[in-house]
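Trainee: If you want the building blocks of each chain, they are given just below.
Protein chains: 2
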Amino acid sequence: MADVYEKTTTAPVNIAVIKYWGKRDTSLILPTNSSLSVTLSQDQLRSKTTIRASKDFKTTRLWLNGVEEVNLENNKRLQACLRSTRLLRKEYENSLSSAGHLNIPPLSEWNLHICSENNFPTAAGLASSASGFACLVYTLAKLFELPTSITDLSRIARQGSGSSCRSMFGGFVAWEMGNNADGSDSQAVQVASETHWPELEALICVVSDLKKATSSTEGMQHTVNTSELLQYRISKVVPKRMHDIEAAIHARDFKKFAEITMRDSNQFHAVCMDTFPPIFYMNDVSRAIIRLITEYNNSGDGTYKAAYTFDAGPNAVIYAPKKNIKEIINLLAHYFPSTLDSNKEYFNDHACLFSAEERIGQLSFPSGFNSQIIPVFPAGSVKQLLHTRVGEGPKILESDESLLNSAGLPK
Amino acid sequence: MADVYEKTTTAPVNIAVIKYWGKRDTSLILPTNSSLSVTLSQDQLRSKTTIRASKDFKTTRLWLNGVEEVNLENNKRLQACLRSTRLLRKEYENSLSSAGHLNIPPLSEWNLHICSENNFPTAAGLASSASGFACLVYTLAKLFELPTSITDLSRIARQGSGSSCRSMFGGFVAWEMGNNADGSDSQAVQVASETHWPELEALICVVSDLKKATSSTEGMQHTVNTSELLQYRISKVVPKRMHDIEAAIHARDFKKFAEITMRDSNQFHAVCMDTFPPIFYMNDVSRAIIRLITEYNNSGDGTYKAAYTFDAGPNAVIYAPKKNIKEIINLLAHYFPSTLDSNKEYFNDHACLFSAEERIGQLSFPSGFNSQIIPVFPAGSVKQLLHTRVGEGPKILESDESLLNSAGLPK
Numbered sequence: 001m002a003d004v005y006e007k008t009t010t011a012p013v014n015i016a017v018i019k020y021w022g023k024r025d026t027s028l029i030l031p032t033n034s035s036l037s038v039t040l041s042q043d044q045l046r047s048k049t050t051i052r053a054s055k056d057f058k059t060t061r062l063w064l065n066g067v068e069e070v071n072l073e074n075n076k077r078l079q080a081c082l083r084s085t086r087l088l089r090k091e092y093e094n095s096l097s098s099a100g101h102l103n104i105p106p107l108s109e110w111n112l113h114i115c116s117e118n119n120f121p122t123a124a125g126l127a128s129s130a131s132g133f134a135c136l137v138y139t140l141a142k143l144f145e146l147p148t149s150i151t152d153l154s155r156i157a158r159q160g161s162g163s164s165c166r167s168m169f170g171g172f173v174a175w176e177m178g179n180n181a182d183g184s185d186s187q188a189v190q191v192a193s194e195t196h197w198p199e200l201e202a203l204i205c206v207v208s209d210l211k212k213a214t215s216s217t218e219g220m221q222h223t224v225n226t227s228e229l230l231q232y233r234i235s236k237v238v239p240k241r242m243h244d245i246e247a248a249i250h251a252r253d254f255k256k257f258a259e260i261t262m263r264d265s266n267q268f269h270a271v272c273m274d275t276f277p278p279i280f281y282m283n284d285v286s287r288a289i290i291r292l293i294t295e296y297n298n299s300g301d302g303t304y305k306a307a308y309t310f311d312a313g314p315n316a317v318i319y320a321p322k323k324n325i326k327e328i329i330n331l332l333a334h335y336f337p338s339t340l341d342s343n344k345e346y347f348n349d350h351a352c353l354f355s356a357e358e359r360i361g362q363l364s365f366p367s368g369f370n371s372q373i374i375p376v377f378p379a380g381s382v383k384q385l386l387h388t389r390v391g392e393g394p395k396i397l398e399s400d401e402s403l404l405n406s407a408g409l410p411k
Numbered sequence: 001m002a003d004v005y006e007k008t009t010t011a012p013v014n015i016a017v018i019k020y021w022g023k024r025d026t027s028l029i030l031p032t033n034s035s036l037s038v039t040l041s042q043d044q045l046r047s048k049t050t051i052r053a054s055k056d057f058k059t060t061r062l063w064l065n066g067v068e069e070v071n072l073e074n075n076k077r078l079q080a081c082l083r084s085t086r087l088l089r090k091e092y093e094n095s096l097s098s099a100g101h102l103n104i105p106p107l108s109e110w111n112l113h114i115c116s117e118n119n120f121p122t123a124a125g126l127a128s129s130a131s132g133f134a135c136l137v138y139t140l141a142k143l144f145e146l147p148t149s150i151t152d153l154s155r156i157a158r159q160g161s162g163s164s165c166r167s168m169f170g171g172f173v174a175w176e177m178g179n180n181a182d183g184s185d186s187q188a189v190q191v192a193s194e195t196h197w198p199e200l201e202a203l204i205c206v207v208s209d210l211k212k213a214t215s216s217t218e219g220m221q222h223t224v225n226t227s228e229l230l231q232y233r234i235s236k237v238v239p240k241r242m243h244d245i246e247a248a249i250h251a252r253d254f255k256k257f258a259e260i261t262m263r264d265s266n267q268f269h270a271v272c273m274d275t276f277p278p279i280f281y282m283n284d285v286s287r288a289i290i291r292l293i294t295e296y297n298n299s300g301d302g303t304y305k306a307a308y309t310f311d312a313g314p315n316a317v318i319y320a321p322k323k324n325i326k327e328i329i330n331l332l333a334h335y336f337p338s339t340l341d342s343n344k345e346y347f348n349d350h351a352c353l354f355s356a357e358e359r360i361g362q363l364s365f366p367s368g369f370n371s372q373i374i375p376v377f378p379a380g381s382v383k384q385l386l387h388t389r390v391g392e393g394p395k396i397l398e399s400d401e402s403l404l405n406s407a408g409l410p411k
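Listed in order, the protein sequences are those of chains A and B. Numbering follows the UniProt record's numbering, in which position 150 of the first sequence is assigned residue number 150; successive positions increment by one, without gaps. Numbering follows the UniProt record's numbering, in which position 297 of the second sequence is assigned residue number 297; successive positions increment by one, without gaps.
Bound-form chain A, shown alone (with noise of 0.2 Å):
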């Protein structure tokens, strides 16, 4: 089939561990502080995205987790990505025919058909627009064959998703917020590589809510314009921060990293806080955990063993090296135990860090653990651990992973 243009890539999850929280520019979605991210392997969880052009479709139709969007024109974002990739596609069709190339298929003009799906639940409450739009982005530049770096590209998805330029990179990545009133400077950086710290791994902890948190959208521009200690923040905490973790990270120095991590977790819920009327993300559950894992660091010989973080929603996130990973598992398992008859459902095992015989739940206490410092919480206040760890950017597949048939329909 020599005239579909089409191509299939993927794209990861991020968590920040120095958070984002405010816009000084919403339409081109400039945030008013750096932050700096791990990318999450996108074996557990990730974004998967097909697009074709052709000259036959007679509109461009997005389809996400099966279900098609109607008035794409309306999706500003949306549009803001596909205007500027297609503005480099239209520069890069003149170059090529100045400089005496034919046939040069004119995909800037043409009708593109999206389909894209999530391999984890948006029920769970993680993030999808961050990986969601790298993987648009990521997928547009590959069919356009845009001779444009990554860099380049991450200021494109920084304005369908301000958080989604730090998925455009694997291992740990910085969104430096930049200055100009154009944006032009406001993009992602990688910090190290997902090879430079092969110790450090994740787990996310899907916690249980009542209500529908306020959206993060729209919550941080009511902190932006109430909460007086933001600007504190802005200016005086996270230019340090910034600087400090990523000395750590290229020091694998666990203990400032976490140190760093925890903080600004805190920070971002407290300037939640201090927005009026304010914003609450975590909940009883998520302050347990917080309780857990601070005992579980003051347990033995005071080095840290796990940090947590949290976005804007109750579940955590919790960082810690590969070692302590298992034990981190069975405390949560024991204070936060599974409705679910199947711990395989409960824990996504792939590291298959329990054997046939063990069970998770089967509690030694650290030494030195004060196991009264949370009470055992009702079955399924925590929905799902997820064991995962630092992972690459985005990938292309080959041609048969598309998610479209050869009408260009999903399949």
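No wet-lab data here; the hints were simulated from the structure. Warning: the hint list may mix true and false statements.
What the hints assert, rightly or not - Partial pick of chain B residues on the chain A-facing surface, computed with a CB cut under 7 Å:
1) E228
2) L229
3) Y232
4) V237
5) R263
6) N266
7) Q267
8) H269
9) A270
10) M273
11) D274
12) P278
13) D284
14) R287
Note that CB positions come from ideal geometry on N, CA and C, so glycine has one too.
Keeping the supplied structure of chain A fixed, place chain B upon it in accordance with the hints.
Mentor: Frame of chain A; chain B shown alone:
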């Protein structure tokens, strides 16, 4: 009994609207910022103390809610109050004798029997140290017949328990942080009397909690030592709020008073969250009360109808104009039903807001109120509603109200 030297007084509880959190001197109890509180009526909440001085007492003894306290000499805060008042008594005795008076009883040298009790359960988690130390110092001042102003006495009470200095006055009271290293200008002054704003009333929601909260004495110094945001609150936020809320009180401007009160409660809990490791005082029920009051204020004509504030625990104190109290009680009783058969135990209805026919919790939602804002919580999530109002300062009682018998022991 001409030779019996004894006094009995009562002192009130106060609830801060600009929060005290952090000491710059922990032994003199000098705060990092000024604070402002409302003194609550002693009809619902008060401490009562009888102190007798006698040359026949072998030692100084103290009974607290019926239980004798041992090792009084190790109670630094108690000793500070005794030392300061005895010193003033000694000076007074000297001045009298040098003025030619005879037979001045040397109370400054005699041992004391001190008996104190509260008319509210300590289990309720309502700060009793403020009313307790205010009552101790006021009783000593009366027993010793000290020619000392209430503001001067507040500096002594402050050394027993910081916030107790604000319980030395009725109405609306500011604790000026002062600048002197010796604490000579860190004292309470009355901003407005208990008769200034008769429409303003208060509702205390006693919230059940699983765990014992971090003591405020301990917690506030953790915040001083680890929260970067606290420094900004102290230097930039509180001074303006002190000025603005005093103006709101003088003008009886409830909207302004309510907004500052809610913002300052939120910011106090924000700096607790920014503490490392973080301190949590509010739980899911506390946060649901905030959502409820926020929605209540947003419904109707947009003028605030109530203001919440939370101290170092999950209990809510709601300030509101008298005309709204009944509606607020019905809202709270709907979402936080009682386990008790008798509403009388759940709601302290001293003001007879509900007629014999009416039931608490018979709800007609205010117009424009979104009843889905929070779920109905399990019965007993709020243990009690205490309806009270602005009250007066410490009072002397008649001798027949004494808590001691003729032998100087608790009745």
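Trainee: Evaluate each hint against the coordinates.
Mentor: Quick rundown of the hints versus the structure:
no.: 1; hint: E228; in the structure: holds (5 Å)
no.: 2; hint: L229; in the structure: holds (5 Å)
no.: 3; hint: Y232; in the structure: holds (4 Å)
no.: 4; hint: V237; in the structure: holds (5 Å)
no.: 5; hint: R263; in the structure: holds (5 Å)
no.: 6; hint: N266; in the structure: holds (5 Å)
no.: 7; hint: Q267; in the structure: holds (5 Å)
no.: 8; hint: H269; in the structure: holds (6 Å)
no.: 9; hint: A270; in the structure: holds (4 Å)
no.: 10; hint: M273; in the structure: holds (4 Å)
no.: 11; hint: D274; in the structure: holds (4 Å)
no.: 12; hint: P278; in the structure: holds (5 Å)
no.: 13; hint: D284; in the structure: holds (5 Å)
no.: 14; hint: R287; in the structure: holds (5 Å)
In this structure, none of the earlier numbered hints is contradicted; all agree with it.
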